[in-house]
Amino acid sequence: MKVSLSSRGSFRFDGKEIPFTPGQTIMDAVLAAGEYIPHLCHNPEFAPHGSCRVCVVGVGGRQVSACTAPAAEGMVVDSSSEEIQGTRRAILQMLFVEGNHICPACEKSGACQLQAVAYYTGMLAPHFTHFFPRREVDASHPDFIIDFNRCILCELCVRASRDWDGKRVFGISGRGLASHLVIDSPTGRLGDSSFAATDKAAHVCPVGAILPKHRGYEVPIGERLYDREPISLVGDVAAHEEA
Amino acid sequence: MSNPLETARHPETLKRVVIEPLTRVEGHGKVTLLVDEDQRIRQARLHIVEFRGFEKFIQGRPYWELPVLVQRLCGICPVSHHLAAAKATDQLIGVDELTPTADKIRRLMHYGQTLQSHALHFFHLSSPDLLFGFDDEVAHRNIVGVIQDHPEIAKQGVLLRKYGQEVIRVTSGKRVHGTGAIPGGVNKALSEEERDYLSKDIDQMVEWGEGAVQLMKRIFLTNPDYHYRFGSVDANTLGLIRPDGAFELYHGGLRARDPDGEPIFDQIDYRDYEQVIREQVKSWSYMKFPFIADIGPEFGWYRQLRPLRHPARRAGASGLRGSGRGPAATGGARHALGAPDRAPLLRRGDPRAAARPGPARD
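First to last, the sequence lines map onto chains E and R. Heads up: take any position in the first sequence, counting from 1, add 406, and you land on the numbering used here. Heads up: take any position in the second sequence, counting from 1, add 3, and you land on the numbering used here.
Treat the hints as calculated values from the structure; they're not laboratory data. Bear in mind the structure is a predicted one, so any value in this text is a computation, not a measurement. A virtual CB, placed ideally from N, CA and C, is assigned to each residue, including glycine. Treat the hints with caution; some may be incorrect.
[To be verified] Sample of chain R residues facing chain E (criterion: CB under 7 Å; computed from the structure): (1) Gly-63; (2) Trp-67; (3) Glu-68; (4) Gly-176; (5) Gly-181; (6) Ile-185; (7) Asn-190.
[What the hints assert, rightly or not] Covered by chain R, according to a simulated footprint, are these stretches of chain E (three or more residues, beta-carbon under 8 Å): (8) 503-514; (9) 543-552.
With the sequences and hints as input, model every part of the structure.
Printed below as a string of structure tokens:
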């Protein structure tokens with residue numbers, strides 16, 4: 407079958423030929439081809455957000471976010487050079503020190519995308535000075551807790567609640583360093599909102615911020631998602647049962 | 004504390020001697036001595052130098068995190084803290100009886116820790132003093148010296164410790180700081196493969212453990228008069244016991260006896276500990292100073308019979324004699340022989356001997 411150039415093309419991704427169709431982003435095409443670009447705020451089920459910048463790739467001497475940059479014929483995409491991995495590491499290190507990400511005690515450890523992506527990029531230490539913000543845990547909901555200490559502001563819960571559940575339970579308030587997740591309820595607490603365990607928003611958090619109750623540490627160490635396979639092979643936690 | 008050396012009257016006139024780090028302990032500590040012009044010790048303090056703060060910073064956290072959080076108190080005895088928190092959260096969710104499997108897995112985890120800790124204490128920390136004597140050269144009187152001169156003993160110590168760590172790994176997921184116990188039970192059982200892996204070496208481990216007891220006995224009997232007196236301090240004792248009064252490490256009642264072995268209390272539900280135990284704090288140590296409430300802070304301090312050996316921890320409840328085989332064997336033998344449960348640190352007559360250890364730290 408003859409394929410016209412306008413409907414189909416390809417680009418080079420770390421030396422590999424990746425096909426794409428017009429309208430696909432670099433991320434779309436790479437994931438569809440079974441390859442991996444690290445990401446946190448991206449989830450194929452939702453419109454690209456481009457905010458976490460962990461999916462940064464090099465194209466023609468510039469750095470772009472793969473989840474928002476359209477794929478183009480003949481482009482050469484660098485996703486594995488030390489420069490690109492170093493940029494990702496620095497972004498991750500800032501994410502780690504901005505919140506309170508205490509992996510050793512976190513029940514999401516082993517199934518946490520932030521942790522898994524940090525491993526993927528070779529991050530060994532936080533490097534920057536910890537902010538140690540003081541944030542509360544919201545345990546007011548009967549089925550879920552929110553630990554704001556671990557929120558990375560990816561807005562996946564915001565998008566899921568708004569675009570999928572039609573509820574708008576979550577939003578981001580404040581600007582810059584003061585940005586924080588807020589809950590739409592009279593008290594600002596999850597238990598007083600319309601949030602339900604069956605909501606899509608309950609199952610998209612890439613980190614340990616939105617967690618089901620009654621199941622903490624249910625999966626033994628060694629059997630968790632990213633204990634078994636690296637994230638570059640198994641992808642997002644939201645695509646698995648441990649979300 | 005009843006020690007007259009705790010606080011000197013005129014410390015400004017005395018010379019300060021600091022012993023730091025402390026060796027032969029699992030953890031960190033510091034001893035300061037104030038010495039007068041005649042080289043007589045006027046003040047002796049054992050400082051536990053680490054501030055922990057867990058009581059405060061666990062507040063506001065989800066309760067199911069507690070077993071995982073509080074085990075970070077220690078890298079040698081995390082299982083004790085892990086299980087203590089798990090038992091507390093069992094109560095929180097209304098579980099008063101575990102499944103038999105969960106009970107066995109938790110106990111196995113604990114025994115694994117007891118084994119590795121005793122191996123560490125006896126072989127790595129104490130055996131250089133025991134085998135070479137206190138007058139041996141410092142550069143030689145350590146585990147490296149034991150490896151050179153007694154490679155078989157050193158090997159047994161290393162492998163016993165490894166075995167204990169492997170028991171912990173199999174039951175909790177990691178050799179240190181796993182997540183085995185959860186509120187109401189455990190999150191994994193032993194697979195047949197894991198069971199066989201541990202069973203494979205158990206006879207060898209028991210044999211080596213019993214060999215260590217015999218070694219201790221031989222060393223002790225080379226100079227029994229001296230060893231019976233060595234480091235001996237009259238003290239109340241506190242321990243955990245089974246319904247029949249036998250020694251227990253995981254779950255049971257509290258028993259306390261006075262220095263003559265007379266009962267102070269017996270079969271107290273550990274959940275009511277605050278009825279019989281009080282705690283003091285001192286400005287110069289982060290260690291707490293618990294004491295038996297009825298006797299008071301001055302004379303109510305006690306040794307604990309526990310699975311581990313922290314700085315200043317001196318075990319010795321009375322129910323241990325003849326504990327025989329198993330993880331407690333080395334500590335048991337030490338006690339059964341009347342020996343100090345802590346290996347010799349100081350000679351009688353050594354001025355440092357006045358630095359009388361306080362009650363157990365947790």
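* Asked: Are Ile-185/R and chain E close enough, Cβ to Cβ, to be under 7 Å, as the hint says?
  -> Nearest chain E Cβ about 5 Å off; hint holds.
* When the least beta-carbon distance from Asn-190/R to chain E is tested against 7 Å, hint result -> Hint holds; Asn-190/R Cβ to chain E Cβ min 5 Å, cut 7 Å.
* Residue hint Gly-63/R, partner chain E, criterion CB-CB below 7 Å -> holds, 6 Å
* To do: Under 7 Å, Cβ to Cβ, is where Trp-67/R needs to be relative to chain E, so tell me if that hint holds or is violated.
  => holds, 4 Å
* Taking the closest Cβ pair, is Glu-68/R under 7 Å from chain E? -> This interface hint holds because 6 Å falls under the 7 Å limit.
* Asked: Can the segment 543-552 of chain E be counted as covered by chain R under the rule of three residues or more with Cβ-Cβ separation shorter than 8 Å?
  -> holds (count 3)
* Closer than 7 Å between Cβ atoms is the bar; does Gly-176/R clear it against chain E? Give me holds or violated. => holds, 3 Å
* chain R over the segment 503-514 of chain E, status - at least 3 residues with CB closer than 8 Å -> Since 3 is at least three, the answer is holds.
* To do: Against chain E, run the beta carbon of Gly-181/R and see if the smallest gap drops under 7 Å.
  => For Gly-181/R, the interface hint holds, since the closest Cβ of chain E sits about 6 Å away, which is under 7 Å.
Of the hints listed earlier, there is not a single one the structure fails to meet.
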